[in-house]
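Take any residue in the sequence shown, note its place counting from 1, add 138, and you have its number in the working numbering.
Just so you know, the hints here were simulated from the structure itself, not pulled from any lab data.
There may be inaccurate statements among the hints.
[To be verified] Pairs of lysine-lysine, DSS-like flavour, derived with a Cα cap of 25 Å:
#, residue 1, residue 2
1, Lys296, Lys325
2, Lys271, Lys190
3, Lys206, Lys268
4, Lys296, Lys206
5, Lys190, Lys296
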Amino acid sequence: MRSVRHFCKEVCQHPELYFSGIQPTGVPHLGNYFGFIEPWIQLQNSLPSTTKMILAVADQHAISLGPKPPDELRANIRRMAASLLACGVDPSRTLLFRQSSVPQIAQLSWILGSLQTVAQLQRLPQFKEKATKFSRGDVPVGLLTYPVLQSADVLMFKATHVPVGADQAQHMNLLADLANHFNTHYKVAYFPRPQSVIRNVSSRVRSLRDPLKKMSKSEASARSRLEVRFNIRT
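Could you put together the complete structure from these sequences and hints?
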C-alpha cells in the first residue's frame, strides 16, 4: 500500500476551483438568495469557463444539531436542489451534488479532527452563540465539530476559493490552519490554502422580526422570513 506521503506528492497541483455549500432547509428564503445563491450565480457567469465550480447540498451539516425525519430531509434535499437550478445554477458550469454521496468527506473530517482540539473549537463565535440554546452539557457533538466537517468539504476537492459571508471568517481561519497542519505533518503541499471570497455585507438580509439577526430558517416564527417560491414538482 502506498504511503500517504507518496500519494500526496503525486497530487499536489492546485488548479483554480471554487467550492461552497448550502444546507437543505427546503425552499430557500430571500436571505439565502441574496446572501448566497445570487452571488454564486454571478461568479458562475463571470469566471472563465476553465474555472471549476462545485456546490454541495450539505445534508450532513443539516443534522449537526440533531437528526431529522428521513422523509423530511430527503424532500428538503430535492427542494433545495430544484430551487438552486430554478434560480440559475447551471449544471454545465457548476457541479451540484449531495454532500453525503461522497463518503470520503466524512472520512477526511475524522482525520482532520485528529489535528484539532476541543478548546479551539469551543472558542469559535458561532459555537458560543448556538451553544447557549442548549442546556449545560447537552450541546450536540455535531455543533462542535461542524467547522471540521466544513473544512473537509473544502479540502476534499482542494478548493482554492471559497465564497463566504463575513460571519464565516473564523471558520476559514480554522480551515487554513488544518490545511497547514496536515501539510506540515506529512511534509508535503497536498492541500492548498483556500482564499475567502467575501460576499458583500450589504446583501445580508435581516430577520423580519428581529433586525439584529440575519434571516434564518432556524428561527421559530415563519413570519421572520420570506421564501423564494417556484412551482417545482419534487
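query: Which hint numbers doesn't this structure obey?
result: As far as the earlier hints go, 2 and 4 are violated by this structure, in ascending order.
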